[in-house]
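Peer 1: Chain by chain, the residues:
Protein chains: 2
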Amino acid sequence: MKALVLASGGVDSSTALAMAVEKYGKTNVYALSISYGQKHDKEIEAAKKVAEYYGVEQRFLDLSLIFKDSASSLLKDSGIDIPKGSYAAQQVDFTKYNEADLTNRNTTDSENNLISTYVPFRNGLFLAGAASIAQSLGCGVILYGAHADDAAGAAYPDCTPEFNEAMNKSIIEGTGHEVHIEAPFVNKTKADIVKIGLGLKVPYEYTWSCYEGGDKPCGVCATCIDRAKAFADNGVGDPAQ
Amino acid sequence: MKALVLASGGVDSSTALAMAVEKYGKTNVYALSISYGQKHDKEIEAAKKVAEYYGVEQRFLDLSLIFKDSASSLLKDSGIDIPKGSYAAQQVDFTKYNEADLTNRNTTDSENNLISTYVPFRNGLFLAGAASIAQSLGCGVILYGAHADDAAGAAYPDCTPEFNEAMNKSIIEGTGHEVHIEAPFVNKTKADIVKIGLGLKVPYEYTWSCYEGGDKPCGVCATCIDRAKAFADNGVGDPAQ
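These protein sequences, in sequence, are chains A and B.
The numbering of the first sequence is our numbering, which starts it at 1 and goes up by one.
The numbering of the second sequence is our numbering, which starts it at 1 and goes up by one.
Check before you lean on any hint, since a few could be wrong.
Estimated spans, in silico, between C-beta atoms of each pair [to be verified]:
| id | chain 1 | residue 1 | chain 2 | residue 2 | range |
| --- | --- | --- | --- | --- | --- |
| 1 | A | Ile80 | B | Glu45 | 35 to 41 angstroms |
| 2 | A | Tyr53 | B | Thr27 | 26 to 32 angstroms |
| 3 | A | Asp41 | B | Lys76 | 38 to 44 angstroms |
| 4 | B | Pro161 | A | Val236 | 26 to 32 angstroms |
| 5 | B | Asn234 | A | Gly55 | 56 to 62 angstroms |
| 6 | A | Pro239 | B | Tyr53 | 49 to 55 angstroms |
I should point out that these hints are in silico values taken from the structure, not numbers from a laboratory.
All figures in this text were calculated on a predicted structure; none of them were measured in a lab.
Note that beta-carbon positions come from the ideal geometry of N, C-alpha and C, so glycine has one too.
When you get a sec, could you build the whole thing from the sequences and use the hints?
Peer 2: Structural data, given as structure tokens:
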């Protein structure tokens with residue numbers, strides 16, 4: 001079996017890549033790294049370092065044009081700042097905007113709690129692109145790093161078990177039963193992932209999580225907060241710090 | 001409600017576009033036309049003419065890099081000729097190749113009947129891209145023209161009701177319940193579609209179906225055969241001929 005791993009250069013997908021290499025062997029693993037118009041190249045640079053570390057073949061895609069109408073704060077062209085603070089705080093903060101302000105902006109939605117850093121159907125698009133490439137390369141499985149913390153409170157609806165199950169069914173049916181998804185962390189926390197990764201000696205010093213593109217992680221965006229907590233929960237420091 | 005229509009310039013999607021314009025009004029409809037590395041530009045040119053006819057805003061995407069490793073005969077870079085004859089004939093013909101020849105080529109598969117003109121997970125990828133764009137533009141629904149003839153015999157697994165249902169669920173879940181799919185023809189034949197389209201006065205003279213990119217439709221590829229039959233079944237000539 002050959003495997004394609006969605007490799008963003010962060011903690012979760014780098015751990016998924018380590019698991020794939022252990023399970024399938026590095027010559028049977030491809031890393032796929034996708035640009036989507038994010039504010040910096042740090043993620044892609046990190047993804048390159050991790051893929052090189054594992055010696056797997058890497059593919060790159062640029063899908064940023066698809067998001068040119070999105071107002072997600074993760075996107076360079078949105079003109080919107082990335083909020084500081086945890087995901088929960090973002091959801092509270094955004095209620096100060098009225099509905100009219102938010103029409104067609106996807107910065108948030110009072111009903112479903114979409115947050116400023118949500119990029120429309122990003123995981124769905126990435127998995128669909130991965131399915132096309134996987135089937136072309138003869139890979140029977142796609143791994144990706146969606147996990148329970150990102151799905152919590154419906155912050156990222158494209159990280160939930162419900163989404164993952166439906167997308168897996170879509171890919172199985174749409175590829176004529178040749179490709180399926182494995183989301184090993186869909187019911188795990190980021191602390192669980194780090195625990196697994198520490199056991200596998202994942203080179204977390206090469207990974208990048210921060211939403212900003214500074215020389216060092218900002219330490220105050222939602223993903224920096226999550227990451228720091230995940231290492232602290234395992235009683236270790238973050239090697240990227 | 002605003003709607004995004006996957007508009008390939010063929011009979012099915014042009015009829016879907018006509019239905020969307022009738023239901024939602026042309027100012028609420030976007031057409032999305034996607035290049036995927038096909039052997040000619042006839043489809044995109046046709047999609048432009050149809051979108052202009054209806055006066056709807058049109059978006060274009062080029063996703064051809066995603067398919068660079070595919071050996072689908074529809075792709076310019078595959079170096080494989082498009083078979084002549086009906087889909088059923090293709091499925092029989094391909095059994096003359098042995099399994100080893102077909103490894104990783106996706107030209108066919110003895111178990112699931114994938115055919116030479118199948119492009120890996122194309123509809124899944126197109127719908128996922130459409131979902132990202134739809135949510136960015138504030139469209140609540142995506143229309144596309146998958147129909148029962150293309151799903152028959154599992155020729156195109158990404159046209160089946162099972163695929164459509166799973167992909168719809170993926171998009172509903174992954175967009176936080178903001179976007180869903182309508183596939184009005186998923187249980188209809190191409191003849192049914194033409195009947196609906198004739199009632200809506202769809203400008204079929206602008207559409208293009210042939211897999212080849214000649215000055216005129218070749219008349220002998222699978223989609224030319226299907227199209228001719230659909231018009232004949234309605235007792236009319238094909239206005240594009």
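Peer 1: Falls inside 26 to 32 angstroms, the C-beta gap from proline 161 of chain B to valine 236 of chain A?
Peer 2: At roughly 50 angstroms between Cβ atoms, valine 236 of chain A and proline 161 of chain B fall outside 26 to 32 angstroms, so the hint is violated.
Peer 1: Has the hinted range 56 to 62 angstroms been met by the Cβ atoms of asparagine 234 of chain B and glycine 55 of chain A?
Peer 2: Holds: the Cβ-Cβ distance is about 59 angstroms, inside 56 to 62 angstroms.
Peer 1: Tell me if the beta carbons of isoleucine 80 of chain A and glutamate 45 of chain B are separated by a distance inside 35 to 41 angstroms.
Peer 2: Holds - the Cβ-Cβ distance for isoleucine 80 of chain A and glutamate 45 of chain B, about 37 angstroms, lies within 35 to 41 angstroms.
Peer 1: Indicate whether the distance between the beta carbons of proline 239 of chain A and tyrosine 53 of chain B respects the range 49 to 55 angstroms.
Peer 2: 59 angstroms, violated
Peer 1: So does aspartate 41 of chain A sit 38 to 44 angstroms from lysine 76 of chain B, Cβ to Cβ?
Peer 2: Hint violated: Cβ distance 31 angstroms, outside 38 to 44 angstroms.
Peer 1: Given the hint of 26 to 32 angstroms, is the C-beta distance from tyrosine 53 of chain A to threonine 27 of chain B inside that range or not?
Peer 2: 52 angstroms, violated
Of the numbered hints given earlier, the model fails hints 2, 3, 4 and 6; all others are met.
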